[in-house]
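Protein sequences appear in the order of chains D, E and H. Just so you know, we're using the working numbering here: the first sequence kicks off at 14 and counts up by one. Just so you know, we're using the working numbering here: the second sequence kicks off at 360 and counts up by one. Just so you know, we're using the working numbering here: the third sequence kicks off at 68 and counts up by one.
Source of the hints: derived by calculation from the structure; they are not laboratory data. C-beta: ideal position from N, C-alpha, C; glycine also. Just to be clear, a hint being listed does not mean it is correct.
[Said to hold, decoys possible] What follows is a set of in silico ranges between Cβ atoms, one per label pair, in the way DEER data are often shown:
{"id": "1", "chain 1": "E", "residue 1": "683", "chain 2": "D", "residue 2": "203", "range": "17 to 27 Å"}
{"id": "2", "chain 1": "D", "residue 1": "363", "chain 2": "E", "residue 2": "572", "range": "52 to 62 Å"}
{"id": "3", "chain 1": "D", "residue 1": "146", "chain 2": "E", "residue 2": "861", "range": "54 to 64 Å"}
{"id": "4", "chain 1": "D", "residue 1": "167", "chain 2": "E", "residue 2": "369", "range": "49 to 59 Å"}
{"id": "5", "chain 1": "E", "residue 1": "462", "chain 2": "D", "residue 2": "81", "range": "20 to 30 Å"}
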Amino acid sequence: MSSQEISEENLPAGQDTAHGAVKVADDPFADPGLPPHKPRIQDIDERAARRSERAVAFMFTLSMLATVGFIASYVIFPVDKIVYIWPFGRVSALNFALGLTLGAALFFIGAGAVHWARTLMSDVEVADERHPIEASPEVKAKVMADFAAGAAESGMGRRKLIRNTMFGALSLVPLSGIVLLRDMGPLPEKKLRTTLWAKGKQLINMNTHEPLRPEDVAVGSLTFAMPEGLSEHDHHFQTEIAKAALMIVRIQPEDIKDKRELEWSHDGIVAFSKICTHVGCPISLYEQQTHHVLCPCHQSTFDLSDGARVIFGPAGHALPQLRIGVNEKGFLEALGDFDEPVGPAFWERG
Amino acid sequence: MSTVTDTKKKAPAGERVADWADGRLGIYTLAKANMRKIFPDHWSFMLGEICLYSFIIIILTGVYLTLFFHPSMNEVEYAGPYVPLQGQLMSEAFNSTMHISFEVRGGLLIRQIHHWAALIFLAGMFVHMMRVFFTGAFRKPREINWLFGFLLFFLGMFTGFTGYSLPDDLLSGTGVRFMQGAILSVPVVGTYLSMFLFGGEFPGGDFVARFYSAHVLLLPGIMLGLMVAHLILVFVHKHTHFEGPGRTNKNVVGMPLLPVYMAKAGGFFFLVFGVIAIIAAIASINPIWALGPYRPDQVSTGAQPDWYMGFAEGLIRVMPGWEINLWGHTLVLGVFIPLVIFPAVLGAIAVYPFIESWITGDKREHHIAQRPRNAPTRTAFGVAWITAYMIMLVGGGNDLWATHFHLSINSITWFVRIFFFAGPVIAFIVTKRICLGLQRRDKDKVLHGRESGIIKRLPHGEFVEVHEPLSQGELHRLTAHEQYAPAELPPAVDENGVERKIGRMEKLRVKLNKGYYGEDNQIAKPTVEEYKEIQSGHGHH
Amino acid sequence: MKKLSARRRHPLAAVVVLLLALAATGGLYAAFAPAGTAKADETAQSLAIEEGKKLYSVGCASCHGTGGQGTSDGPSLVGVGSASVDFQVGTGRMPAQQPGAQVPKKKNIYSQAEIDQLAAYIASLGAGPITPTEKQYDPAGADAAKGGELFRTNCAQCHNFTGEGGALTHGKYAPSLEGVSPKHLYEAMQTGPQNMPSFPDTTMPEQQKKDIIAYVQAVNSEKADNPGGLSLGGLGPVSEGLFAWVFGLGALIAVAVWVAAHTAKAKKS
Chain D
14 MSSQEISEEN LPAGQDTAHG AVKVADDPFA DPGLPPHKPR IQDIDERAAR RSERAVAFMF
74 TLSMLATVGF IASYVIFPVD KIVYIWPFGR VSALNFALGL TLGAALFFIG AGAVHWARTL
134 MSDVEVADER HPIEASPEVK AKVMADFAAG AAESGMGRRK LIRNTMFGAL SLVPLSGIVL
194 LRDMGPLPEK KLRTTLWAKG KQLINMNTHE PLRPEDVAVG SLTFAMPEGL SEHDHHFQTE
254 IAKAALMIVR IQPEDIKDKR ELEWSHDGIV AFSKICTHVG CPISLYEQQT HHVLCPCHQS
314 TFDLSDGARV IFGPAGHALP QLRIGVNEKG FLEALGDFDE PVGPAFWERG
Chain E
360 MSTVTDTKKK APAGERVADW ADGRLGIYTL AKANMRKIFP DHWSFMLGEI CLYSFIIIIL
420 TGVYLTLFFH PSMNEVEYAG PYVPLQGQLM SEAFNSTMHI SFEVRGGLLI RQIHHWAALI
480 FLAGMFVHMM RVFFTGAFRK PREINWLFGF LLFFLGMFTG FTGYSLPDDL LSGTGVRFMQ
540 GAILSVPVVG TYLSMFLFGG EFPGGDFVAR FYSAHVLLLP GIMLGLMVAH LILVFVHKHT
600 HFEGPGRTNK NVVGMPLLPV YMAKAGGFFF LVFGVIAIIA AIASINPIWA LGPYRPDQVS
660 TGAQPDWYMG FAEGLIRVMP GWEINLWGHT LVLGVFIPLV IFPAVLGAIA VYPFIESWIT
720 GDKREHHIAQ RPRNAPTRTA FGVAWITAYM IMLVGGGNDL WATHFHLSIN SITWFVRIFF
780 FAGPVIAFIV TKRICLGLQR RDKDKVLHGR ESGIIKRLPH GEFVEVHEPL SQGELHRLTA
840 HEQYAPAELP PAVDENGVER KIGRMEKLRV KLNKGYYGED NQIAKPTVEE YKEIQSGHGH
900 H
Chain H
68 MKKLSARRRH PLAAVVVLLL ALAATGGLYA AFAPAGTAKA DETAQSLAIE EGKKLYSVGC
128 ASCHGTGGQG TSDGPSLVGV GSASVDFQVG TGRMPAQQPG AQVPKKKNIY SQAEIDQLAA
188 YIASLGAGPI TPTEKQYDPA GADAAKGGEL FRTNCAQCHN FTGEGGALTH GKYAPSLEGV
248 SPKHLYEAMQ TGPQNMPSFP DTTMPEQQKK DIIAYVQAVN SEKADNPGGL SLGGLGPVSE
308 GLFAWVFGLG ALIAVAVWVA AHTAKAKKS
């Protein structure tokens, strides 16, 4: 910053003129000073003041009544009572009554106090002088001298060994705190690369919890599946389903444009990860006529008939496809895990 | 606080208590400076109070909620009274929030007050910040307080985020998933950060408890400290006031704390609390029973964050999906760039006071709140910033705009992509023009008087509108604002004939300064000579 | 909708539905079963088909082709089944008024009897999903909680948590489920109208569809409870945020203006 070079004349004249200091006759724009105080009705008419007083007292009384109403509502209305109140709909009677009474009890205390201040307390505007925030040069000089004396007495400048080792100690000691954070979680290792899917695991319908047969999956339908052996009661269900959730659709094989997709499908049945490759929302807004699937969170759009490549939105790569086949019992099964990490991309993904 | 001054009799009880306290706390010295402290009257000076009071309401109701909330992710089966969830598996966090909403009498009300107050707290801070910005009330000596305020807004966003994530419902869980995906995009350390924050893979069983301690202790603790500091500085600096007769840079005109502002500000707390309680009585917020418990394989359309995170949501929605794969590593630019732009855009407004004071080179104290029109470039910058912010808010809700205005979501996304850049430029130019126009109008008003609406026919048949001269107070109000002369570079050669070295930064500063105060960037305010000439001429209006 | 549900309770409705079901099953049987089954059914069925064909040639043939084979303006109707016709015509989507991203629902102009005849005709073109009977879609006694879970897995991604609807790509949308009759909800799941995928019985059994219908009725109908007050459209944080800004902050600023304003001065001083 080159503040020293700034010439003072670029700065405008200050607004420091104390009010009324300038002769009004010479300068039509001069500050005439605070206008004289004009009284309110309440200041000159005692009856008006009385009316204000009663209004304030009335509001405080309303508040008291509202508090009584609050307690009464709490006692009277059962917690599960639903009433129809226009235009709010079928609402909880207790919530409605408690909220309105509490609101009124508080509001009228405030309204009373403000009305009191506005109508009965003095409304003469007062000017208070400001003082510069920064200290006077004498004060500053004293502080600097004190500091110099203290610093000299400490010997910080002379005894460099003490100073340096102290800085060393102080800069090392927070490391303990950082080290202690290590056990907040495990290292990533290969965790984000694998899911529960493996060769031979049957595709279990999320709705029925039964294994899926190819003939169950109609063209234009949408089905979700999880790997065989996973149960909603499992301790790790949430973490596992967050990676393993599967979306299954059936497309006429001749409509599938991507060669690998066709190879990895079974008779037009394709299984893609349900987890968006953008930031991991479960993506499943499937448009059966266009075969586009849209993410409801950030609108990434994938074309399920073309290797689930991204055709719009912020996702950076296609949805991983699970290679599927049919086992000897006639059920759909995985032919292995996904061959790439599912979900959002990360540094080590490659 | 009431003291009775009649000391001839035995001092009354109140005074004796005050004496006792003074002997230990020195309260009389404190009271001497502050009891009759002057506060100027203006509605926009109460925006900060809305924030302070809603924060207090949030703390009060939050403490109540902790009495019933269980920050645990253990799975339980719902057995409460809400039929459409009975038998469903959910975390204890969700279950206890259901308990608060349906079985604790008044629990739903307190939950709703807490959440409504949080939305209003953030909205209030936003508006308060804009008030300070557009009136230049961030100038010396208030730059640090501006930063405190900005930090409060920033931390408030994350306190809100960690708060609405606690019930572990399907909507907030989706938001947490988004956050985890964003963390994963951080180069080199992303996966580690995610593993440490979530105690393993997402969602794991830890984040509710961890968010809980951040939400109820860490973040509000810091915010409370900042807020106290913010208020102390308001007292130390004394409030700004607008130009007007009797109001100068060296005084503050208004009403005393005792009794007027004690009643007004104290009363305003009850008014704010009352209004929020009534809102909580009539309008539902975050009805988690309708959202259902979180499952990472389930989602709903219209998945949005609370409004203050909508800006981040917009950025992430409209960003193109750039991803770079090199040497076995992935740079997730499609997520990481928005993650960087988010604090950068907010930071731009935070550091603005320092940039402006560098450009003006003005190191004096300023206690007069400027009218936005009298600082056209700053006002235009502020409006441009708000435009960018609002456009991203639109982007964050693109799916709802699409369904409610029958538009294509793809078109809205493209609109936002283009207007995030074009919108602020247009807003800047338009705002500056408007400000200059208003300055001209003020000048006309000073020189020619106020339009009275009375039409007079002159002897030769011409019709003119009679202009009434302004009062001196009004003349002063419209001419009291400061105007900087544009900075000039010093001559290339100094008086000794030596070539002057002018740094690049200084050249930039002068250029920017001209952009602020150059000929076309402000309207010179009327001079006394101009005024006198026109007043004496009187022939034309 | 009201008219439709009123008709549903018409004493003759059951007969019509029965006839229709018989006609549709008949259509199936005609292809596979040996000849010589119930002659009377066949007559009623062929009568309905005959009537339906007339209606079809007036209202539908211009887009879907004279024999339902489809044209560039409308898809083939061979094999879409009677349930599709009942849904598309019953919700007023068909006949479509104008081309667009999506055909919206509007006032239905056909009587249920006419719809049934149309459906019988279309069903005769090729086997497809059959219009459900009330027993199939009546949600009485279904498990709304189970339906909620199913809804969040299968439906909420497009139709929102409580069926308020949502956006799809390029101007398409998943419509709101408010006021949609159980029968039409059932048929939509069964047939997958327009871009909606279908959820056939093989992957989502009849009982689960009923559970879903029960859930939709519990959370999105006139009878749905909103304990907290105004539901603000059930749209979540965006409408909540707007409400907080407009009514919350708006009210507080109005109050602040009152608090800070100068009190009226006396006229004479």
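Quick rundown of the hints versus the structure:
Between residue 683(E) and residue 203(D) the Cβ separation comes to about 22 Å, which falls inside the hinted range of 17 to 27 Å. Look at residue 363(D) against residue 572(E): about 35 Å separates their beta carbons, and that is not inside 52 to 62 Å. In this structure the hint that residue 146(D) and residue 861(E) lie 54 to 64 Å apart at CB is violated, the actual value being about 33 Å. Checked against the hint of 49 to 59 Å, the pair residue 167(D) and residue 369(E) passes, with Cβ atoms roughly 53 Å apart.
Here the CB-CB span from residue 462(E) to residue 81(D) is close to 25 Å, well matched to the stated 20 to 30 Å.
Of the hints listed earlier, those the structure fails to meet are numbers 2 and 3, in rising order.
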